[in-house]
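*Asks:* As a plain string of letters, each chain reads:
Protein chains: 4
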Amino acid sequence: MSAPESTARVEAFSDGVFAIAITLLILEIRVPHAEHGLWAGLLALWPSYIAFLQSFVVILIMWVSHHELLQMVRGVSYPFFFANGLLLLTITFVPFPTAILAAHLGTPEAKVAVAFYCGTFVVNALVWNLLFWTIVRGGLVRPEISADTIAGVRKAYYAGPLVYLLATVVALFQPIVGLLINVSLWVVWVRLGYRSEGKVREREDFSLPRTRG
Amino acid sequence: MSAPESTARVEAFSDGVFAIAITLLILEIRVPHAEHGLWAGLLALWPSYIAFLQSFVVILIMWVSHHELLQMVRGVSYPFFFANGLLLLTITFVPFPTAILAAHLGTPEAKVAVAFYCGTFVVNALVWNLLFWTIVRGGLVRPEISADTIAGVRKAYYAGPLVYLLATVVALFQPIVGLLINVSLWVVWVRLGYRSEGKVREREDFSLPRTRG
Amino acid sequence: MSAPESTARVEAFSDGVFAIAITLLILEIRVPHAEHGLWAGLLALWPSYIAFLQSFVVILIMWVSHHELLQMVRGVSYPFFFANGLLLLTITFVPFPTAILAAHLGTPEAKVAVAFYCGTFVVNALVWNLLFWTIVRGGLVRPEISADTIAGVRKAYYAGPLVYLLATVVALFQPIVGLLINVSLWVVWVRLGYRSEGKVREREDFSLPRTRG
Amino acid sequence: MSAPESTARVEAFSDGVFAIAITLLILEIRVPHAEHGLWAGLLALWPSYIAFLQSFVVILIMWVSHHELLQMVRGVSYPFFFANGLLLLTITFVPFPTAILAAHLGTPEAKVAVAFYCGTFVVNALVWNLLFWTIVRGGLVRPEISADTIAGVRKAYYAGPLVYLLATVVALFQPIVGLLINVSLWVVWVRLGYRSEGKVREREDFSLPRTRG
Numbered sequence: 000m001s002a003p004e005s006t007a008r009v010e011a012f013s014d015g016v017f018a019i020a021i022t023l024l025i026l027e028i029r030v031p032h033a034e035h036g037l038w039a040g041l042l043a044l045w046p047s048y049i050a051f052l053q054s055f056v057v058i059l060i061m062w063v064s065h066h067e068l069l070q071m072v073r074g075v076s077y078p079f080f081f082a083n084g085l086l087l088l089t090i091t092f093v094p095f096p097t098a099i100l101a102a103h104l105g106t107p108e109a110k111v112a113v114a115f116y117c118g119t120f121v122v123n124a125l126v127w128n129l130l131f132w133t134i135v136r137g138g139l140v141r142p143e144i145s146a147d148t149i150a151g152v153r154k155a156y157y158a159g160p161l162v163y164l165l166a167t168v169v170a171l172f173q174p175i176v177g178l179l180i181n182v183s184l185w186v187v188w189v190r191l192g193y194r195s196e197g198k199v200r201e202r203e204d205f206s207l208p209r210t211r212g
Numbered sequence: 000m001s002a003p004e005s006t007a008r009v010e011a012f013s014d015g016v017f018a019i020a021i022t023l024l025i026l027e028i029r030v031p032h033a034e035h036g037l038w039a040g041l042l043a044l045w046p047s048y049i050a051f052l053q054s055f056v057v058i059l060i061m062w063v064s065h066h067e068l069l070q071m072v073r074g075v076s077y078p079f080f081f082a083n084g085l086l087l088l089t090i091t092f093v094p095f096p097t098a099i100l101a102a103h104l105g106t107p108e109a110k111v112a113v114a115f116y117c118g119t120f121v122v123n124a125l126v127w128n129l130l131f132w133t134i135v136r137g138g139l140v141r142p143e144i145s146a147d148t149i150a151g152v153r154k155a156y157y158a159g160p161l162v163y164l165l166a167t168v169v170a171l172f173q174p175i176v177g178l179l180i181n182v183s184l185w186v187v188w189v190r191l192g193y194r195s196e197g198k199v200r201e202r203e204d205f206s207l208p209r210t211r212g
Numbered sequence: 000m001s002a003p004e005s006t007a008r009v010e011a012f013s014d015g016v017f018a019i020a021i022t023l024l025i026l027e028i029r030v031p032h033a034e035h036g037l038w039a040g041l042l043a044l045w046p047s048y049i050a051f052l053q054s055f056v057v058i059l060i061m062w063v064s065h066h067e068l069l070q071m072v073r074g075v076s077y078p079f080f081f082a083n084g085l086l087l088l089t090i091t092f093v094p095f096p097t098a099i100l101a102a103h104l105g106t107p108e109a110k111v112a113v114a115f116y117c118g119t120f121v122v123n124a125l126v127w128n129l130l131f132w133t134i135v136r137g138g139l140v141r142p143e144i145s146a147d148t149i150a151g152v153r154k155a156y157y158a159g160p161l162v163y164l165l166a167t168v169v170a171l172f173q174p175i176v177g178l179l180i181n182v183s184l185w186v187v188w189v190r191l192g193y194r195s196e197g198k199v200r201e202r203e204d205f206s207l208p209r210t211r212g
Numbered sequence: 000m001s002a003p004e005s006t007a008r009v010e011a012f013s014d015g016v017f018a019i020a021i022t023l024l025i026l027e028i029r030v031p032h033a034e035h036g037l038w039a040g041l042l043a044l045w046p047s048y049i050a051f052l053q054s055f056v057v058i059l060i061m062w063v064s065h066h067e068l069l070q071m072v073r074g075v076s077y078p079f080f081f082a083n084g085l086l087l088l089t090i091t092f093v094p095f096p097t098a099i100l101a102a103h104l105g106t107p108e109a110k111v112a113v114a115f116y117c118g119t120f121v122v123n124a125l126v127w128n129l130l131f132w133t134i135v136r137g138g139l140v141r142p143e144i145s146a147d148t149i150a151g152v153r154k155a156y157y158a159g160p161l162v163y164l165l166a167t168v169v170a171l172f173q174p175i176v177g178l179l180i181n182v183s184l185w186v187v188w189v190r191l192g193y194r195s196e197g198k199v200r201e202r203e204d205f206s207l208p209r210t211r212g
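Residue numbers (numbering that gives the first Met the number 0), protein chains in the order written: chain X, 0 to 212; chain P, 0 to 212; chain W, 0 to 212; chain U, 0 to 212.
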């Protein structure tokens, strides 16, 4: 059986897209009008700051998750390329719902804006599942990763779309609550990361070869 | 005979350009006016979503193709640098016809917009041929790549400009059909990729050294 | 004890964010109105040039500092990922206060604009301290780095928030002086860099293994 | 004597900045008004296409030159970091004079626009000299590079600011001629590149160790 290709270039490309998407977020915060004074103008941008912070942290966490996920992978395949590409599509899309959120969080349209924002992440969370499925079905998981670890990650990945869907529906009635559910997912992702880091550590104790040094 | 230089830095630069071009696409989708409600405003952006999706997938496929192509290459030369640079020029140009497409797909000017969009890819497809020609003529193909593989890739590359030209001409009369021909090329490129992946796999069975590990 | 993970991918991602943030700064300088002639329009943009130059140099220095800091680190941990992410947040934010500075440096609102600009770097300097604390507390410092070197870096890091806070307060009364304090910090950071370079050189004399070649 | 640090991370950062600056150029070409038809609108953008093409090729050539230059370098120093950073500053600045050129090439202000554009490259060419001086004075040139090669590169670098200054002065009277001088420099840089490539090839024939594989 031929060895699958290394993940190096797909990681470099993905890192580039994550880095650019996270940095473009700031372009959505525009210089405020200062007719009531610059302090007032800067303060009035609070929805932009919230939207920026929320999206920055989410993309950062997803970059870390992507990093963790690729450490479980022993190589790449063609379907993996496209599932990963689809994931990157949902990441590069984030600045748009972020701008919508920033423009409408302080208005009566906040319900629609938050629902649209959360809905974007329903799609994103589904694509994470697709990517994971592609990895597992394509036999790309490193042999030293246990079935238990895979089952644990899968369970966490299943939870994603459901919680984001809940946030979307709730946002249509209570936008602030919808947004808070979204924020609460930071904790889920970070804890998932810690758990998989634990697994990776264990793996390293067996002195297994690493793709990158 | 001196060994040609490794492809590492040209890949890193190209990856950067592909990653940025694909991520800048989202900047063309602007926050909609919400005078008829935000949902209505978001729905009215459908041409932007189509243009974004189409260009994202095309750039993604081209990145994968570029990746595949460089795996056939044993080194770089000065003409290769500039042919590759010209290719990157046509990639960085994509956000502009994408914005044209988004702005005019739902208007009577759709014919011009789709023709301009498809015409951009006629040029792009010609430059792919130039790059491939530079590689083959410059003796940069890895020795283990068979003449059959090269002939297969060349045939596929020849088809590109012709199909895009067809799409451009058709678009002037039937913009939707022109756009659909463009979309149908996704399949061509992806299949070409699968085929060359097969060749690369075969090559690896001979345990040849790889530029990147 | 298991070896901590290499810093390679976190460096690549951070480099990407630094490179993008520093390059986006130019987007804030817009083509001037030329009703009084183009030379006059170009000259009237002087606050934009100052803001661009100031922010470019600061981000450049911080990239170098980040580089130096990561050379003291033997690996990464999960808290490190997030402290580093928070640092990147404050870096990607820079184009916004830069635009504020450019828009208001020549107006009566200059006080607010400079204070906001300097205030941003108070937060940034605090996050540098957090990152350094995460590294030291997480046991990520290379064993060959002496306690003296660590104490020296920490002292310099402590000074950052205080000087930026001073600049912020002064700016509320004398914006130009506030800005000049900010500029004077270039010297501090650069000298800090030189000092740590000296230490790194010493380290290399012991022929220690390097993460990157 | 301790070995100077490898150029790997400074190359990665520089590549990022070059790649982003070259890709941002397209953002300056805006969707045209189509009141006289979209074809007419697209045609009226001819100054934007010329400015885009000119700046794209110049940045591409400079990226290749940077690449060639760093192959002559055996390591980096702290002054090198800042001279390189200053060079990157002049590269990231390019989208601004490009936008000025695009906005005014077809107007009576073309003289000022072309002179400003060319003047930018006077500064850029001076910084190339500074960077080269930093390398030579800092003892960072690889020992196998001959004094002849260094003298040849220096001569070419000296020519840069003079020709760009000529282009700037000429542009104030004959903008088209100024721009053509600018274009003619493509040839100079490319030939310089070929020449230094020849030198690098020779060097490789001695089977010297390479920083990057």
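Keep in mind that the hints were calculated from the coordinates and are not lab data. Please read these numbers as outputs of a predicted model, since none were measured by experiment. Be aware that one or more of the hints could be misleading.
So the derived label-pair ranges between C-beta atoms look like this [as the list claims (entries may be wrong)]: (1) P:Thr106 with U:Gly105: 22 to 28 angstroms; (2) W:Trp132 with P:Ala158: 27 to 33 angstroms; (3) W:Gly36 with P:Gln173: 47 to 53 angstroms; (4) U:Ile149 with W:Val187: 47 to 53 angstroms; (5) P:Ala43 with W:Val187: 51 to 57 angstroms; (6) U:Gly105 with W:Val187: 22 to 28 angstroms; (7) U:Trp185 with W:Phe172: 31 to 37 angstroms; (8) P:Val187 with X:Val176: 45 to 51 angstroms; (9) X:Ile149 with W:Leu164: 46 to 52 angstroms; (10) U:Val182 with W:Arg29: 56 to 62 angstroms; (11) P:Lys154 with X:Pro142: 44 to 50 angstroms; (12) X:Arg141 with P:Trp38: 41 to 47 angstroms; (13) U:Trp132 with W:Val187: 46 to 52 angstroms; (14) X:Val176 with W:Trp38: 51 to 57 angstroms.
Under the rule of at most 20 angstroms between Cα atoms (straight-line distance), these lysine to aspartate or glutamate pairs were calculated in the EDC-like manner [stated by the list, open to error]: (15) U:Lys110 with W:Glu34; (16) W:Lys110 with X:Glu34; (17) X:Lys154 with X:Glu34; (18) P:Lys110 with U:Glu34; (19) X:Lys110 with P:Glu143; (20) P:Lys154 with P:Glu34; (21) W:Lys154 with W:Glu34.
For glycine and all other residues, C-beta sits at the position ideal for the given N, C-alpha and C.
*Asks:* Holds or violated: Lys110 (chain U) with Glu34 (chain W), Cα cutoff 20 angstroms?
*Replies:* 16 angstroms, holds
*Asks:* Under the criterion that the straight-line Cα-Cα distance not exceed 20 angstroms, is the pair Lys154 (chain X), Glu34 (chain X) satisfied?
*Replies:* 52 angstroms, violated
*Asks:* Kindly confirm whether 45 to 51 angstroms is satisfied by the beta carbon distance between Val187 (chain P) and Val176 (chain X).
*Replies:* 48 angstroms, holds
*Asks:* Given a hint of 27 to 33 angstroms, does the C-beta separation of Trp132 (chain W) and Ala158 (chain P) actually sit inside it?
*Replies:* Violated, since Trp132 (chain W) and Ala158 (chain P) (Cβ atoms, about 59 angstroms apart) do not stay within the stated range.
*Asks:* Can the restraint linking Lys154 (chain P) and Glu34 (chain P) be considered satisfied, given a maximum Cα separation of 20 angstroms?
*Replies:* 52 angstroms, violated
*Asks:* Quick one: are Lys154 (chain P) and Pro142 (chain X) within 44 to 50 angstroms, going by C-beta?
*Replies:* 39 angstroms, violated
*Asks:* Is 47 to 53 angstroms a correct range for the gap between the Cβ atoms of Gly36 (chain W) and Gln173 (chain P)?
*Replies:* Since the Cβ atoms of Gly36 (chain W) and Gln173 (chain P) sit about 49 angstroms apart, the hinted range of 47 to 53 angstroms holds.
*Asks:* Should the hint that Arg141 (chain X) and Trp38 (chain P) are 41 to 47 angstroms apart at their CB atoms be regarded as holding?
*Replies:* At 45 angstroms between Cβs, range holds.
*Asks:* Assuming the hint says 46 to 52 angstroms, is it satisfied by the Cβ distance from Ile149 (chain X) to Leu164 (chain W) or not?
*Replies:* 49 angstroms, holds
*Asks:* Given the hint of 51 to 57 angstroms, check if Val176 (chain X) and Trp38 (chain W) actually sit that far apart at their C-beta atoms.
*Replies:* Because 56 angstroms falls inside the window, the suggested range holds.
*Asks:* Falls inside 51 to 57 angstroms, the C-beta gap from Ala43 (chain P) to Val187 (chain W)?
*Replies:* 52 angstroms, holds
*Asks:* So does Gly105 (chain U) sit 22 to 28 angstroms from Val187 (chain W), Cβ to Cβ?
*Replies:* Because 48 angstroms falls outside the window, the suggested range is violated.
Checked against the numbered hints listed earlier, the structure breaks hints 2, 4, 6, 7, 10, 11, 13, 17, 19, 20, 21; every other hint is satisfied.
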